Amino acid sequence: MVPAVLSFGHDRGISGQQAMTAIAVGYEIAGRIAQATHPKPRWRGFHNTAVAGVFGAAGAIGNLIGSSAKTIEDSFALAASNASGLFTFLHGAGDIKRLHAGQAARDGILCALLAKNGIPGAENVLEVKDGYFHAYAGGDVDPARYADIDIFFGGQPSVVSRCYIKPYLCCRHIHTALDCLIAIMQQHKLAAADIKDVHVGTYAVSASHAKVGWDNFAQAQMSFQFCMATGMHYGAVALEHFSQAALRNPAVLADCSKFKVETDPECDAAYPKARPSVVTVRTIDGRTLTMKRNDPKGDPADPLTDEELFVKFHALADPVFGRSKSERVRDMVWGIDELASVSALTEALAG
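According to the working numbering, the sequence shown holds residues 0 to 350 in order.
Keep in mind that the hints were calculated from the coordinates and are not lab data.
Values in this document were obtained by computation on a predicted structure and should not be read as measured data.
Virtual Cβ for every residue (Gly too), placed ideally from N, Cα, C.
Please note that a few of the clues may not be correct.
Label pairs and their calculated CB-CB ranges [unchecked claim]:
id, residue 1, residue 2, range
1, 20, 98, 24 to 32 Å
2, 304, 144, 41 to 49 Å
3, 346, 265, 28 to 36 Å
Given the sequences, and given the hints that come with them, work out the whole structure.
Here's what the structure looks like:
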């Protein structure tokens, strides 16, 4: 949603307020479509960032160009045929994951403009037979009534207000366990060498990441063992922990074998309303230390502070822009509601 809105709005005089509204619209669309189908698309090998994201981008651009309800429905029909993105990055094709968000943004803009210029699409593309819900969440021969799926979920708050920001630079499904492990180590003043082994009980989608290798940056970000071993050594999982040197750190690699990850029935039953993990650490001196969290740090119930958000932003932006320019970008984003045009922000991000 964000790159679609900023790139489209660059030379069209879109204000910061308009951009914020369009982004919120896009979040609402993509988030509710993803929530309505999850986790079936994941088990089928689809990546929701691209698959559901194209609808959000199309809706965001439709909002900016003043599309009618019928035109937005047409753009959704077109988006449904552009919805694609596979989890093959878990198996060595790592860099394709980096393109999925841009792919959804590009195709969403295209679908919105095609619909605005009169290209029609099927009605009710989400819920009709052979439609989106059938393809991504149904069975091969499925009698389900897709029209009965309630994407409004009984009046839940807006999607954008329920989004999280990740404090760790790795897959969100690993974060709750990381929170527990790091907290146990801090509370009991443990070093990596003090730990004999670690057992993690979690929900099935999370536990599936224990089967991912760590041969490259993208795979390592998705690997339960590598991320937990990294957190155990550094008390964090940050960008520098995925450098070529870090991926070959013998101490971290040796400690990957300390982690056993299994599906916990209670955790699995709580998902996706919660993302729980139970972490049990056994120490070399014979202690057994256990902690459970239902949701990770960064969720709306336990949000990052502004300062924590700035720390993450600068850790990612400073190596690209330098400190002075990243501060300028940060200030523009922080005051986006006062920007008369997003052009300056877009140019700062691109330059």
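- Query: What are the numbers of the hints the structure violates, in ascending order?
  - Reply: Failing hint: just 3.
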